[in-house]
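Peer 1: Top line first, the protein sequences correspond to chains A, B and C.
Oh and the first sequence: position 54 is 54 in our numbering, straight run, nothing missing.
Oh and the second sequence: position 73 is 73 in our numbering, straight run, nothing missing.
Oh and the third sequence: position 266 is 266 in our numbering, straight run, nothing missing.
Derived by calculation from the structure, the hints in this document are not laboratory data.
We put the beta carbon where it would ideally sit given N, CA and C, even for glycine.
You may find that some hints are simply not true.
If the Cβ cut is set under 8 Å, some of the chain A residues that face chain C in the computed set are [as the list claims (entries may be wrong)]:
| id | residue |
| --- | --- |
| 1 | Leu43 |
| 2 | Phe44 |
| 3 | Ala51 |
Stretches of chain C that chain B covers, calculated by requiring three or more beta carbons in the stretch to come under 8 Å of a beta carbon on chain B [claimed, not checked]:
| id | segment |
| --- | --- |
| 4 | 65 to 71 |
| 5 | 280 to 288 |
| 6 | 451 to 464 |
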Amino acid sequence: MGVPLRQVLLVAIPVVVVFSILQPAFSQEDERIIINRVEVWGLFYKGMVIAFTIGAILMGVIAFVVFRFRESNPRNVQRGSMEGHR
Amino acid sequence: MGHATIEWVYVGVVIALLIYLGASAWEVERFLDHPPKEAKVVKVIGQQWFWTFEHEDGKKELGELHLVKGVPYVFEITSRDVNHSFNIPDLTVLMDAVPGRINHMWVMPDTAGEYLIQCREYCGFSHYQMRAKLFVEESIPVSGENTAVDVPVSLQEAKPVIASN
Amino acid sequence: MWEILFSTHHTDVGLLYIVLSLVALMIGGALAVAIRTELFLPGSQGIIPDPNTFHRIMTTHGTNMLFLWLLPFASGVGNYLIPIMIRYKDMAWPKLNAVAFWMTPVGMALVWLGMADFTWYATPPYSILRAPGPAAEMWIFGIKILGIGSILGAINFIVTILKMKHPDLPLMKTSLFVWATLVTSIMILVAIPTFAAALIMLFTDRLGVTGFFNPSMGGDPIAYQHLFWFTFHPEVYIFAIPAIGMMYELIPKFSRKPIFSYQSGVTAFVVLAIVAFSSWAHHMYATGMNFTEKTVFMVGTLAAVPASAMHVFNFIATMWGGRIKFATPMSFVVGGVVLFFYAGAGGVVNAQMPLDFLTHDSYWVVGHFHLFVMGLISFGFIGMLHYLFPLITGRMYSEKAGMITFWLLFVGVSVIFLTQHVLGLYGQPRRVFDYIPVQPLIVMNQISTVGAWIAAAGAALLMGNLIYSAGRGKPADMNDPFKIGEVYYDHTRKEPHH
Numbered sequence: 001m002g003v004p005l006r007q008v009l010l011v012a013i014p015v016v017v018v019f020s021i022l023q024p025a026f027s028q029e030d031e032r033i034i035i036n037r038v039e040v041w042g043l044f045y046k047g048m049v050i051a052f053t054i055g056a057i058l059m060g061v062i063a064f065v066v067f068r069f070r071e072s073n074p075r076n077v078q079r080g081s082m083e084g085h086r
Numbered sequence: 001m002g003h004a005t006i007e008w009v010y011v012g013v014v015i016a017l018l019i020y021l022g023a024s025a026w027e028v029e030r031f032l033d034h035p036p037k038e039a040k041v042v043k044v045i046g047q048q049w050f051w052t053f054e055h056e057d058g059k060k061e062l063g064e065l066h067l068v069k070g071v072p073y074v075f076e077i078t079s080r081d082v083n084h085s086f087n088i089p090d091l092t093v094l095m096d097a098v099p100g101r102i103n104h105m106w107v108m109p110d111t112a113g114e115y116l117i118q119c120r121e122y123c124g125f126s127h128y129q130m131r132a133k134l135f136v137e138e139s140i141p142v143s144g145e146n147t148a149v150d151v152p153v154s155l156q157e158a159k160p161v162i163a164s165n
Numbered sequence: 001m002w003e004i005l006f007s008t009h010h011t012d013v014g015l016l017y018i019v020l021s022l023v024a025l026m027i028g029g030a031l032a033v034a035i036r037t038e039l040f041l042p043g044s045q046g047i048i049p050d051p052n053t054f055h056r057i058m059t060t061h062g063t064n065m066l067f068l069w070l071l072p073f074a075s076g077v078g079n080y081l082i083p084i085m086i087r088y089k090d091m092a093w094p095k096l097n098a099v100a101f102w103m104t105p106v107g108m109a110l111v112w113l114g115m116a117d118f119t120w121y122a123t124p125p126y127s128i129l130r131a132p133g134p135a136a137e138m139w140i141f142g143i144k145i146l147g148i149g150s151i152l153g154a155i156n157f158i159v160t161i162l163k164m165k166h167p168d169l170p171l172m173k174t175s176l177f178v179w180a181t182l183v184t185s186i187m188i189l190v191a192i193p194t195f196a197a198a199l200i201m202l203f204t205d206r207l208g209v210t211g212f213f214n215p216s217m218g219g220d221p222i223a224y225q226h227l228f229w230f231t232f233h234p235e236v237y238i239f240a241i242p243a244i245g246m247m248y249e250l251i252p253k254f255s256r257k258p259i260f261s262y263q264s265g266v267t268a269f270v271v272l273a274i275v276a277f278s279s280w281a282h283h284m285y286a287t288g289m290n291f292t293e294k295t296v297f298m299v300g301t302l303a304a305v306p307a308s309a310m311h312v313f314n315f316i317a318t319m320w321g322g323r324i325k326f327a328t329p330m331s332f333v334v335g336g337v338v339l340f341f342y343a344g345a346g347g348v349v350n351a352q353m354p355l356d357f358l359t360h361d362s363y364w365v366v367g368h369f370h371l372f373v374m375g376l377i378s379f380g381f382i383g384m385l386h387y388l389f390p391l392i393t394g395r396m397y398s399e400k401a402g403m404i405t406f407w408l409l410f411v412g413v414s415v416i417f418l419t420q421h422v423l424g425l426y427g428q429p430r431r432v433f434d435y436i437p438v439q440p441l442i443v444m445n446q447i448s449t450v451g452a453w454i455a456a457a458g459a460a461l462l463m464g465n466l467i468y469s470a471g472r473g474k475p476a477d478m479n480d481p482f483k484i485g486e487v488y489y490d491h492t493r494k495e496p497h498h
């Protein structure tokens, strides 16, 4: 603990993202062409792209963990060093 | 015990994505929440289990709503008895009809055709059948003094409205 | 039998809670299968004769599953494990514990015999002006009694954990399930009284002596929704946090590894518990809230996501590098984590104000919250149920049947509720007796119904396996029934009945 790197990262990543988003929001002040349907579905598709990307990564990680670290995996026959020490 | 750097990075990424999504949503909602000034008012009244509509010129409709393509409309939505929810799925219009309150929602139909209007809030026995029809028409019907809409050019091109913020 | 019924011992009361909740799961599930079968085709199938019956069934299904399956099961497991985990002989107040339990069947009888028809929201003005007869009053009093029962139980848990804990055992060394129960109990104390007040107001409004929510008497129906969601949005976390605590209990054991980060588990629990109270009105975007209110509640809602994500990270990091035995409990936990992500992703969509026009009060929402309650929460609960089975009965369930149960439920739940998300995007409203006979709706409803039948087969197998094994199963090795080389709970607990 006490390593500033973690806290710096935790703060820095959101700050960078916030500013990159707010910049166009500030500059674009007044008038814009809109059709609700298009705007709403556009936002929905944006969310879906992110959700499916994250989902693919997460499901991939879970599938890997389940496959690699299952008890019956031949690479996993030895007892781990931390077993039974809880 | 303890934390790892990777956990902080992970949480940071999650927060960043949420801020990005939240800001995009805020950005869109900012426009959807403010109807254009030239929008025409349509009163929408829900009751068990049908919809009635009243246009600006006093024309009333029951179970059917006729709108003109390319014209922005503000719905003033209320209810006579219990809660309903005024919903046009194809135009992403959704707003609760609550007795004693007037809720606002605006839309500009951009394609002519026949659409479904339904109730989306549970309202009793025939909730599932509480539907109406929306007709979006290409041209202005000849009835009465609909002179407020004098933008035929924009109608033909389906030119979107300018919404001032 | 009578010995258990009149006992105040924590294992007996825990067993009663668990049995009652499983009964509720089965009869509530039967209603759900009836609903889905009715919706297999457009038009009336005759399974449910008329809309009125449909609405009564739908209301009873919702009320039953939330208050008679999820809450009592969490209390039951808490009763079993909390005294063992904090090393005390029983709950702090055993008699109060039994009283809290015995309120549950009373509430259950009122809810089931009445079968109200105003959905589990009981939203006015419908619930005060149009909802029929004694059913509504019975629902109000049933929920009232269940609420009092869970408040009594929560007080008992808090006192047991904080005051009866073994002096040599610091709170930061207890199991994360203890933390989950503690946090949940505190949340119950904060959340429930609001709705308890709203129920009284609802009742007097129904009598006509007041008009809190009656617009024709100057009341405001929206006020009820605020009171309702101030209780029942946190309630979602009250259901979910015990399930997450159970996952924290099971994952390290079956991975044969310590928890990756105990601290972040505790942190995420506490953060979730606090943030849960900042997001209630995201259920009400469409009631005519102004832009600022909507923004505040969107931010409050999204704020719950990092803490949930920390739990998922913790689960995966704990499994990483372990030697995982995929017995039935562990399979249910991993399945629950997968479904948790689907539900969470859907939740982020719902939280965004403009997307509410797509999803609100549609089948999307039905799919979304069922992925939580039947995915994350019930999967955690059923996994824990299998893990506790040897402790409760002294016998082992059939592992093969357990794994088949898991796959049936996992496939069933995924098919039902992921399909319902798409149905919602096509615009099918929730709580409908019938839908428009157009193509994407028909085929989607049919897929969803087939999923319901698969899940029903899984639930039937679950009950069959448990009931058969309780009587005829192989005697379990009580020191390590799952052969994972980890410590099991102290089974000598159940010996002294009193």
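Peer 1: All hints are to be evaluated individually against the structure, with a verdict given for each.
Peer 2: Cross-check of the supplied hints:
Because the beta carbon of Leu43 of chain A sits about 6 Å from the nearest beta carbon in chain C, less than 8 Å, this interface hint is met. Hint status for Phe44 of chain A relative to chain C: holds, with the closest Cβ pair at about 6 Å, below 8 Å. For Ala51 of chain A, the interface hint holds, the least distance from its beta-carbon to any beta-carbon of chain C being 4 Å, beneath 8 Å. For a cut-off of 8 Å, the count of residues in the segment 65 to 71 of chain C with a CB near a CB of chain B stands at 0, and the three-residue condition is violated.
Restraint check on the segment 280 to 288 of chain C versus chain B: 3 residues with Cβ-Cβ distances below 8 Å, three needed, restraint holds. Beta-carbon proximity to chain B at under 8 Å applies to 0 residues in the segment 451 to 464 of chain C; the threshold of 3 is not reached and the given coverage is violated.
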